[in-house]
Every structure is written in structure tokens, then in C-alpha cells.
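Per this note's numbering, the sequence shown starts with residue 251, numbered consecutively.
Quick caveat, the hints were computed from the structure, so don't treat them as lab data. Among these hints, one or two may not hold up.
Have a look at the derived ranges for each label pair, beta carbon to beta carbon [as the list claims (entries may be wrong)]:
(1) 476 with 660: 49 to 55 Å
(2) 686 with 281: 40 to 46 Å
(3) 596 with 574: 17 to 23 Å
Think of the CB as a built atom: it goes at the ideal place given N, C-alpha and C, for glycine as much as any other residue.
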Amino acid sequence: MTIRWRDEDPGLPIAFEQCSNGEYDPEPLTPPRIAAEREARAGIEAAMRRTGLNRREFLRSASALAICLSAIDGAVSAVNGLDPGLFYPFDPVSRLDNDAAKAVIGPAEFVFDVQGHLLEYDIDPSTRGDWFWGRQFPQARCEEEDDPRACFATNHFLEEIFIRSDTTMTALSGLPINPAGSPLSNEVMEETRRLVKALSGDERIVVNALVLPQTAAIGSVLDEMTRTAEENEIAGWKTFTHFPAGINWWLDDHDPDQPQVGDVFLDHLAAIGTPILFVHKGLANQARYGSPVDIGPAARTHRDISFVVYHSGFEVARREGPYTDATANVGVNRLITSVQGAGIGPGENVYAELGSTWWHLLRRPDEAAHVIGKLLVAFGEDNMLWGTDSIFYGSPQGQIEAFRAFQIPEAMQTRFGYPPLTRGAKAKILGWNAANLFGVEPITEHVGFTREDLELARAEHPVPTRTWGPRTVDEVRELRAHHRGWP
């Protein structure tokens, strides 16, 4: 008997399994995470029997999300000897009452995702001879059975971001793939921007062009930056200081044994009128050159540039706690140490970004409270940005709604000096800060959909909720080997 897609199980609204975007080893399944998934599945089965909804209807509801987040909260709180409900404050009524669950999640604020990725093999002919994401990886297992590469193409990106989530604006950002033949080259990103503008009639996508100033003669790199900015609508630039492997550099040129390209690169970036730099720091398996140690000094000497720190220095294998002298040089604390040492305070020219960081922390809410709290203290609510690293994790809607529901417990605010994560702060982080950074008018309306139309489209969308990254250390290593380097 053939099962219609409307009757298929869409998956839990929050993913509990291992997953990676290829830039880091997936974190192990810990006992609290296993317990949380077991509790979530049992709770959903019990709630479905009481509500009378079918599986698809219920798993697309706010109550299903409440059950999953409450299970995470309960499992983590039990380990820490805390009362449940401190991080995700859903009451038992939310398990059965969709409106009660929505009240905790809160209103659908404007969402501007500053870290989006796709892989397009048809726009740029040079990418057609090879591809970077093999059939063995989970993200290739969507309905495009004839060609798994299509799972990452523009149409899937638009569906995951603009139809299956509340996101209305996004920034495409380069990946750690050498530019020649990249399925996310600057040309691919620009063509995607033009396509979305033609479809929607407005500028919903901005482009952060990839630049690697250490990989060629610096003069030629700067000339190529100028050409790219003149011929395309470039909003900012994306770079890596630890990719390609073996060709490392620092933004502040503090190591004389590495290419001294930082200052001249940053001067040129400002001179051509695109003074926003997105730099990958963290999620590097603790590689030396993936550290944010250079962010503060570079920002101090280049006050005319806005530095956005992708991932905020977060490392999957490190547990996050309060900032202390003993932990000043690990994880997110490395970024805080760097900016504070340089005299960069809240609201200045450094921004902390949450892509993939929140993906992990939403299942580690005790650590999430420390990370969000520390970043609010160090950067202020005006200098934190929302990003998801999607399309690799599928639709970001679960991440968005978990963030809307999340709170820093009052006891942690008092003990560690963290400010509350208010609805106003969440609205800024989710979208308004990015619009201000890029100097663009926020687009808050969905393309061609009312709120009711969008909710119906999500409920009936044929693609299950999936995570699309390599899920084991061996899969990540195979991916890196295929790239001939990191990741």
C-alpha cells in the first residue's frame, strides 16, 4: 500500500540525533539527550491520543514543540539538580493546548538570517564535473532520488528558508570550499539574489562574497575584490583564517611567520565601500587559526569596519559555563577576552553571531543560558545576530521557535550578572540588528503568503523535518578527505 505524503510522519520539530555541517565532528549523544528524546516521543504519543489529531497535524503544532523543549529542559535540569521549566517555561497545559504553547513561544518577529548556504551545480558550469557532498551523507537523502545534489539547490533553499520558516530575509555566505568550481561561488550567490528579487519583487537576499586574501598575491586578490564589488551587489565579505589548511593568517598580522595580509585586506575592504566582514571563528575542532584571538586587535585598529564573528568562537566539544580567569581562553570566552582586551565594548564594531552555535545549545539549555548571557554582557543586545547555517540543518523553524521560547533563569541572572533575554532583545537578535547592520529596510511579509497560508503550507509540505549533515566522525572525515582539506 502506497502511503500519501500527507499521511507520512514529518519528524519531531526538534532534532535529537547527531548532525554536523562538515566543519566539526558531531557531538556524541549524551545520556540527557537520549533521555530527552525518549521523553519527547512518549509525550507526543500520549498527547496525540488525547487531542485526536493525526501524526502530521500534531507534529506540526506548537504543542509538539512544547513537548520536545520541555523534555530537553527536564532532562538537563535533572542532571543539574534544578527545577524543570527554568529554560523553556512551558506548563503542562501547553502539551495539549496549542494556544497556550504559542503564548510561550511568543509572536512571530521579523527574522533576518545572516548565515545561509546552498549548493547549486547548474548555475556555474564549472561545478558540474564533480560535487562536494556524497550520496552517503544524510543531507543528500531528500526526495531528489535521481540526483542527490538537487537537495541543496536553490529551490530547496527557498522552500526551507522562506516557506518552512518565519525567515523573510537572509544573507548568503561563502563556504570553506576553494572558489574555483565552488557550487556556492560568488557568481552562484549573486545569481540566486537576482532570482529571488525577480520572484518576489524585493531584495530579500544579500550576499557576503567569499575572499581568501592569503591564497594568492595580495594585489591580485584586492583587484578581484574591487571587480566583484563593481559588478555585483555585495553587502559584505566572508573569510576564513584557517582555510585552506596549511595557508593560515591573522586579521591583525600579529604573527610574523604567517602572511602579512590582514591590515592591507581590511583597509581595502573599507576603501571599496563594503565595510562589513564576516569571519568564521570557532567550530574548527579547536584549530589554532580558528581562534578569535585576532578579532579585538583588528577591530580596534579598523573602527570603520563592522566585524561579525560567525559562531562566536563556540566549539562543540567544549562545555560552556560562566566567564572566569581559568576559562578565559576556551570556547566563546576567547572572543570575549579578545574584545575586552582591545577595549571594545557593547554596541561597538564587533558582532556575535549564533549560526550552528544555537543549533547545539538549544539542546544544552544550561550552557545556552551562559553563552547568551555572556554575549549580552560583552556585546549588548544590539550587537548579536541571528544565523542558522541552513540549508544543511533543514528548515530553521525549530531553531527560531526554540529561541523565542528560551529564557535565562532569574537565578543565573542574579548569580552571574546576566541581563534577562527579553522579547525586545530577541526581536533585535532575530532580525532588526541585521537590518540595521546592512542598512536595509526590513521586509517582514512572506512571499505571496498570508500567515494562515504559510501555516497551511508548512502543515502540508511533503518534505519531512530532517537534519541534513554528516552524523558521525567517520562521515565528517570522509567529507573533509573529499574536499582535500578542511572541512
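Status of the hints after comparison with the structure:
1. 476 with 660: 49 to 55 Å: holds (52 Å)
2. 686 with 281: 40 to 46 Å: holds (42 Å)
3. 596 with 574: 17 to 23 Å: holds (20 Å)
Figure legend: structure checked against the earlier numbered hints; every hint is met.
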